[in-house]
Structures are given as structure tokens and as C-alpha cells.
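Number of protein chains: 2
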Amino acid sequence: MKRIRLTIEYNGTNFHGWQKQPDKRTVQGEIEDAILRSIGENVEVFGSGRTDAGVHALNQTAHFDLEAPIPVSKLGYVLNNALPQDIYIKEAKEVDKDFHSRFSIKKKTYEYKIYNNNQKNVFIANRASWMKNPLDIDKMKEGAKVIKGTHDFKGFCSANACVSDYTRTVYKISVEKDGDFVIVSVTGSGFLYNMVRIIVGTLVDYSMGILSLEDIKMAIKEGDRTKAGQTMPACGLYLKETVY
Amino acid sequence: MKRIRLTIEYNGTNFHGWQKQPDKRTVQGEIEDAILRSIGENVEVFGSGRTDAGVHALNQTAHFDLEAPIPVSKLGYVLNNALPQDIYIKEAKEVDKDFHSRFSIKKKTYEYKIYNNNQKNVFIANRASWMKNPLDIDKMKEGAKVIKGTHDFKGFCSANACVSDYTRTVYKISVEKDGDFVIVSVTGSGFLYNMVRIIVGTLVDYSMGILSLEDIKMAIKEGDRTKAGQTMPACGLYLKETVY
Numbered sequence: 141m142k143r144i145r146l147t148i149e150y151n152g153t154n155f156h157g158w159q160k161q162p163d164k165r166t167v168q169g170e171i172e173d174a175i176l177r178s179i180g181e182n183v184e185v186f187g188s189g190r191t192d193a194g195v196h197a198l199n200q201t202a203h204f205d206l207e208a209p210i211p212v213s214k215l216g217y218v219l220n221n222a223l224p225q226d227i228y229i230k231e232a233k234e235v236d237k238d239f240h241s242r243f244s245i246k247k248k249t250y251e252y253k254i255y256n257n258n259q260k261n262v263f264i265a266n267r268a269s270w271m272k273n274p275l276d277i278d279k280m281k282e283g284a285k286v287i288k289g290t291h292d293f294k295g296f297c298s299a300n301a302c303v304s305d306y307t308r309t310v311y312k313i314s315v316e317k318d319g320d321f322v323i324v325s326v327t328g329s330g331f332l333y334n335m336v337r338i339i340v341g342t343l344v345d346y347s348m349g350i351l352s353l354e355d356i357k358m359a360i361k362e363g364d365r366t367k368a369g370q371t372m373p374a375c376g377l378y379l380k381e382t383v384y
Numbered sequence: 141m142k143r144i145r146l147t148i149e150y151n152g153t154n155f156h157g158w159q160k161q162p163d164k165r166t167v168q169g170e171i172e173d174a175i176l177r178s179i180g181e182n183v184e185v186f187g188s189g190r191t192d193a194g195v196h197a198l199n200q201t202a203h204f205d206l207e208a209p210i211p212v213s214k215l216g217y218v219l220n221n222a223l224p225q226d227i228y229i230k231e232a233k234e235v236d237k238d239f240h241s242r243f244s245i246k247k248k249t250y251e252y253k254i255y256n257n258n259q260k261n262v263f264i265a266n267r268a269s270w271m272k273n274p275l276d277i278d279k280m281k282e283g284a285k286v287i288k289g290t291h292d293f294k295g296f297c298s299a300n301a302c303v304s305d306y307t308r309t310v311y312k313i314s315v316e317k318d319g320d321f322v323i324v325s326v327t328g329s330g331f332l333y334n335m336v337r338i339i340v341g342t343l344v345d346y347s348m349g350i351l352s353l354e355d356i357k358m359a360i361k362e363g364d365r366t367k368a369g370q371t372m373p374a375c376g377l378y379l380k381e382t383v384y
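Just so you know, the sequences run in chain order A and B.
Going left to right, the first sequence walks through residues 141 to 384 as the working numbering numbers them.
Going left to right, the second sequence walks through residues 141 to 384 as the working numbering numbers them.
A few of these clues could be false.
Given that identical chains are not distinguished, each listed pair holds provided it fits within a single copy or across any two copies.
To be verified - Here are the simulated lysine-lysine pairs, BS3-like style, with alpha carbons at most 30 Å apart:
no., residue 1, residue 2
1, K281, K247
2, K260, K142
3, K260, K246
4, K160, K367
5, K160, K260
6, K247, K214
7, K317, K260
Bear in mind the hints are in silico, worked out from the structure with no lab data behind them.
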């Protein structure tokens, strides 16, 4: 038995998220199905975390245990031939048996892409969220400084989250302009449900004058979801990096 | 009665091409439907030419005649609210009654995008064609020089074309590298069925050593489709500009 670590890119548009669900097209489900069809082995693939419907990944990490004597060097090729066009295995390698994609993780980076132009662009749909009014990058950077650090992030979490400890560390937030795009990159120890989308929505709402810096501070201090900003749409979110 | 000229962007992925067909989703059909639903008028929209299933447009031109007393300045806004996310009206303006999107056209530019990288990219699917092996831009430019000019392009036309005169003028072909993309831009007086996709396929096949320069010259001289290159996939083709 070998433990295999996968690095996976996927376009989340046509998936009901990462996690396997009966009768729904999911990334985990498609990968397990591809392993079964190409190698003939029924495995469970564990991701570093779930991504929601519509959320993309540039480098999702997952692991599974394999009995079949297929050379690991051929595994990526074999799986990619069996996978649909919206999933791509960038790397498959053997790792120690104590490696766990979810429990061994040290930090994770998400990137959020906003297409910031007053004209619609039909090629951007499902790859970035569209905002017509110019965003103020300097204000967004100022808001990011308030959010960075170790806090109780209960105010930046969707109501249907089910955790006992809301403390997380945001190591880094950067806000950059790249042509017509505004890119917010958030690196953290781990994230609550919808946390990145709410962080970005808070920076956007501060940029637009809907929230004040004081509101952001209160959202953190009081853990009050109503003080934080909007939840940005899933289509702009990319799981960019996982560090072990 | 006013004659209206539209400049339209569309993502061709989920359309059975431009031209209206019963029970199929087409760009013309969606625009006519949006005019009917938003303005209440049943019109026929004439495009500068058809585009095939999967082919995109950055600037398709179309015209139609409108009786409704809606101000032309509001027309783009009204139609965009009624249109699906993969079509966008970039401009709507009143033109002379003798303007015709198809018959008044002087020249047209298509752009073909090739994603040229040995790794798959799931975000490129349906927006460019993917070629793993590095293309030789200098060879493609050399091949382009042979194709440029006024010729009988019968050899660069799909067999099911139904025209009597195959003479067309290619005013300009450029081949450029832009990061991982190779962009071929072709400007002509008009194009035969699949002509741009076959021109690009011919340059690609010459780059890969499948065809010689002599083959390309023979494809033009003898009008022999078998001497020209492959027909590139629709997903990399963009109607970029129409000049009147």
C-alpha cells in the first residue's frame, strides 16, 4: 500500500463543490471515479479542505492510499486521461504514510479575483466576480491591515458554520491591481466557512464607503457578522496554495 | 422606423453558432428574443456573417429595423438587462437606412488563440485551443507570407462550402507570442467556410514539419484541400473586428 499525494487544478464552475455527494457532480467524486475506471481500485480521496460550488483551485492537495502496483511516475498521466476537461492532476507523488492532506497542513492561500471595469466581459463570467465601480486599492490595503493577525473570526463566518473555536490566524493579505483585475490574496492557518469571501467583501464595502474602519474593528471585536461586509460570489475564489 | 447597428461580444461556447435554428440556442435567436421580451417588437437581426458553434466574437456587427419609439441611447442598457451572461451589447446606435451589416462590410479580422504549453490549464478550455509542443513562430510567420494576398482559396475551404467564386484577399496575417499563447490574426475581404481555421492549421502543420512551404504553395495553386493543413478547433477562434 502506497500513500499518494495529488496536486490538483480545477475549474469549479460545473461542480457542486469538492465533496462527494450522491447524484451530484463533485471534484472528489470525479477523481475517485477516474481512479476506479483507469486503475480499477475503489479508493477514498481526502482533500485539504472542501471548496464550495463554483470555487476554483490552482493547487488543491489531496491524498489517497493505493494497492495497485502501478508506477507512481505514470499515475498523473493515467488519471489525466480518465479525467474530464475541468480537472487536471498537476502532480502525483508517493508520500509518507503519516501524511494527511487535511491534518498535516500548515497554511493555505486563497486568491480572490474581481473584474473591475464598467463594461461587461463575457469571457470573465465564472472566472472572476464583476464590479463596475472603481475600487480604491489603497483603502482596501488599509482595511486588510486591520484584518491581518490572530483573531476570533466569528464575525467573518457564515451562520451555518459549525465549529467551537473561531480563532484563526491570517498571516498575510495583499491587494493588487493587475490590469482590469483586483486580486486579493489571503494566507491563513485555516479558514472558517465563507471566511475569505467575507473578508474580501468587507474590503470591498470599506472601499465603497458602506463600512468604516471602525465597523471592521467591531466585526472582529464583537464577532458580529452584521458588522462585516458582503459575502462575495464563489466564482472569483481560487484555492492557490497549500503548505505542509 | 430606425435602422440600428449593434456591436456585440459573445462567448460562443454554449451556442450552436450565430444563426437562428429551431429548438437550438443561437446568438441571433437570443438577441431577437431579448428584443421581443424587452421592447415587445418582433424583428430580424442580421449579422455581418455567421459564426460556427463554439466560435467567439469580440466585435460582431449586426443590424435590425425598429419601430418602437425607445431612445437609441437607452437601447444597449435595455437589451443587456434582457440578455444572458454570455452575450453583451457593446454599442447600439442609429445608422443610415442603406447600412447593411453583411453587404456594406469592407474587411473583417479574426483572431485565433492557441494555448502553447505542455501542461493543461483548466481555465483555458473553450477559450483557446491547446497544443503541447512548442510552435515555431518564425516558421509560422514565413508560412503566413505565402498565404497573404489575393488567391483562389478553394484549398482552404471545407468541402461543404457552397460558393461559385473562391477568390478572396487576405490583407494581413500576423503571428505573435503572448506569454503561453500564440495569436494568429487574419484580416481579409471575406472568408470561406472554415478558411481561418484551415489557414491557422496550415501554419501549425508547417511549424511542426507536417507540411512544407511547397505544400502550402500547391494548396493555393491547385486549390487542393488535402495539401493544406488541419482545421483548427472552433474554440480558439474570435471574430475581432469588422470594418465598414
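Checked hints:
1. K281 to K247: within (21 Å within a copy, 47 Å between copies)
2. K260 to K142: Only across copies: K260 and K142 sit 26 Å apart there, 49 Å inside one copy, limit 30 Å.
3. K260 to K246: between (38 Å within a copy, 28 Å between copies)
4. K160 to K367: neither (34 Å within a copy, 50 Å between copies)
5. K160 to K260: between (34 Å within a copy, 24 Å between copies)
6. K247 to K214: The answer is within: 29 Å in one copy meets 30 Å, while 50 Å across copies does not.
7. K317 to K260: both (18 Å within a copy, 26 Å between copies)
Hint 4 from the earlier list is the only one contradicted by this structure; the remaining hints agree with it.
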